[in-house]
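Chemist: As a plain string of letters, each chain reads:
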Amino acid sequence: MSVGYAAVGWNRQKKIYDWLIFGFCVLYLLTFVVFTASFNPDYTFETVLIRCTSTLAVLLLHIILSIGPLARLNKKFLPLLYNRRHLGVTMFCIAAVHGVFSILQFHTLGNVNPFVSLFTSNTNFNSVASFPFQSLGFFALIILFLMAITSHDFWLHNLSPRVWKTLHMFVYLAYFLIVMHVMLGVIQYETHPVFVILISLGAAWLIALHLIAGTKEVKKDKEKFIAASDGFVHVSEASEFEEGRAKIFCIDKERIAVYKHENKLYAIHNVCKHQGGPLGEGKILDGCITCPWHGYQYLPHNGQSPPPFTEKVSVYDVRVRDGKVFLNPKPNPEGCPL
Amino acid sequence: MIKSQRKRHLQIWALWGVLIPVGIIVALMAVPKKVTQELLQKVAASTYHTIASVEKENYKINILVPNSITIKHPTGWEYDLKVEFVNKKESATDSLLLYKVINVTDNNIDKQELLGRIESKGTQEFRLKFFDLRVTNNKFDYRDKFLLYDIMKKQVVDSINFKR
Numbered sequence: 001m002s003v004g005y006a007a008v009g010w011n012r013q014k015k016i017y018d019w020l021i022f023g024f025c026v027l028y029l030l031t032f033v034v035f036t037a038s039f040n041p042d043y044t045f046e047t048v049l050i051r052c053t054s055t056l057a058v059l060l061l062h063i064i065l066s067i068g069p070l071a072r073l074n075k076k077f078l079p080l081l082y083n084r085r086h087l088g089v090t091m092f093c094i095a096a097v098h099g100v101f102s103i104l105q106f107h108t109l110g111n112v113n114p115f116v117s118l119f120t121s122n123t124n125f126n127s128v129a130s131f132p133f134q135s136l137g138f139f140a141l142i143i144l145f146l147m148a149i150t151s152h153d154f155w156l157h158n159l160s161p162r163v164w165k166t167l168h169m170f171v172y173l174a175y176f177l178i179v180m181h182v183m184l185g186v187i188q189y190e191t192h193p194v195f196v197i198l199i200s201l202g203a204a205w206l207i208a209l210h211l212i213a214g215t216k217e218v219k220k221d222k223e224k225f226i227a228a229s230d231g232f233v234h235v236s237e238a239s240e241f242e243e244g245r246a247k248i249f250c251i252d253k254e255r256i257a258v259y260k261h262e263n264k265l266y267a268i269h270n271v272c273k274h275q276g277g278p279l280g281e282g283k284i285l286d287g288c289i290t291c292p293w294h295g296y297q298y299l300p301h302n303g304q305s306p307p308p309f310t311e312k313v314s315v316y317d318v319r320v321r322d323g324k325v326f327l328n329p330k331p332n333p334e335g336c337p338l
Numbered sequence: 339m340i341k342s343q344r345k346r347h348l349q350i351w352a353l354w355g356v357l358i359p360v361g362i363i364v365a366l367m368a369v370p371k372k373v374t375q376e377l378l379q380k381v382a383a384s385t386y387h388t389i390a391s392v393e394k395e396n397y398k399i400n401i402l403v404p405n406s407i408t409i410k411h412p413t414g415w416e417y418d419l420k421v422e423f424v425n426k427k428e429s430a431t432d433s434l435l436l437y438k439v440i441n442v443t444d445n446n447i448d449k450q451e452l453l454g455r456i457e458s459k460g461t462q463e464f465r466l467k468f469f470d471l472r473v474t475n476n477k478f479d480y481r482d483k484f485l486l487y488d489i490m491k492k493q494v495v496d497s498i499n500f501k502r
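Protein chains in written order, with my numbering: chain A, 1 to 338; chain B, 339 to 502.
The shape of chain A in the complex, shown without the other chains (with noise of 0.2 Å):
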């Protein structure tokens, strides 16, 4: 990282990017409740708080399952990935502004244990009409609440980028109770045929969208490379290189990185050390190859982070012959220059 990076600092992009959220968040919600008002006076407040909160959380929850796919498949999205998890932090607060409200609402009157009520009041688990939506959602609720609290970077370094990741990972598991939490919940009662026709449209959206990224990122890993005698093998022309950018290629596994900087060809190890995002996916900032996460950089001659920081990534030997692209892919020890 540069010594002006901050890993979880406010820098005026997120603030910007912060902002758009809230006031999307906000014109969502007054939205929803004016509309409520002049077409449906007859609902209580709580009654409209719980579904805005709901239909928000849900919208919010499939722009950020969007998000990486499609940074994948276009650099133009990368922006959005880079702050993502701000987005992911507001999603969990109005999804547990839905949960509290419906505990409150549904649980809270009796004299029974909202906790325990919550998973006593319904047990018809062998019957799919009545079957308890309520503990889907609430299992829901919980992972994202873990995620959220663990989104900070300090939990990444404690956790390790490997567990961090995997942990993340759940987030697909919640998805699923949630479309289940729907499907069972407010579909098995609500006649009119948008809320059903949505929730597929998003759900087909979010499988053919991660689908067609897997297969393509699958068709690049299974690139075939002959190598030389001397271990170099031809991966490129050196006239499809854009200034600032790289492109990637995977070499017996192994995703490398070629950087174009200063007229000049870097290789570097794909995966960055902070939480395994694709460096080649970035490009040069100040000098430094910046990753499109969550900006961790590196020098491209020689794979570490500019001081005072002290992480590294491999470097590869690259040559150019005669408009050619030759690239080793045995790597060199991480922090050695070429």
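Not one of these hints is a red herring.
Simulated pairs of lysine-lysine, DSSO-like, Cα-Cα distance not exceeding 27 Å: (1) 330/A - 253/A; (2) 345/B - 216/A; (3) 76/A - 345/B; (4) 341/B - 260/A; (5) 224/A - 324/A.
Quick partial rundown of chain B residues pointing at chain A, CB under 8 Å, derived from the structure: (6) 352; (7) 459; (8) 460.
Worth flagging that the hints you see were computed from the coordinates, not collected in a lab.
By construction, the Cβ of each residue, glycine as well, lies at the ideal position given by its N, Cα and C atoms.
Put chain B on the given structure of chain A with help from the hints.
Modeler: Just chain B now, with coordinates in the frame of chain A:
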């Protein structure tokens, strides 16, 4: 992402690609038939009419009888009546309960018949299985008494008397 993570992502979404559509279809097949709900609402709305009302500042209570009840009906009503509670404006509390007085000699609220909770907004209906409905001067004469009880304050806050 490293290769194993990319692979796991793809595996999970391939699994969801099967499980989510199946879950949506199963849930849709379990949705109760819409016709039943429509039928109940239309019949309920169209076959009752008001025979008595008491209006207060914040609400109005109507007594609804089925259209099939006639004044010439033999003694002994074989129908249920409905009590319609209409909030004229939003109530500050949603802790009100509506009781029908069935024991005039005992002031204890537990001795009366609980009809249900009053929402802070809108119109609600409660079914009456037992009631005092007579025919006087060729007109329906309804004579029950109701109580509004605040469960938080634990006191009767209003009474509605249809006796003339």
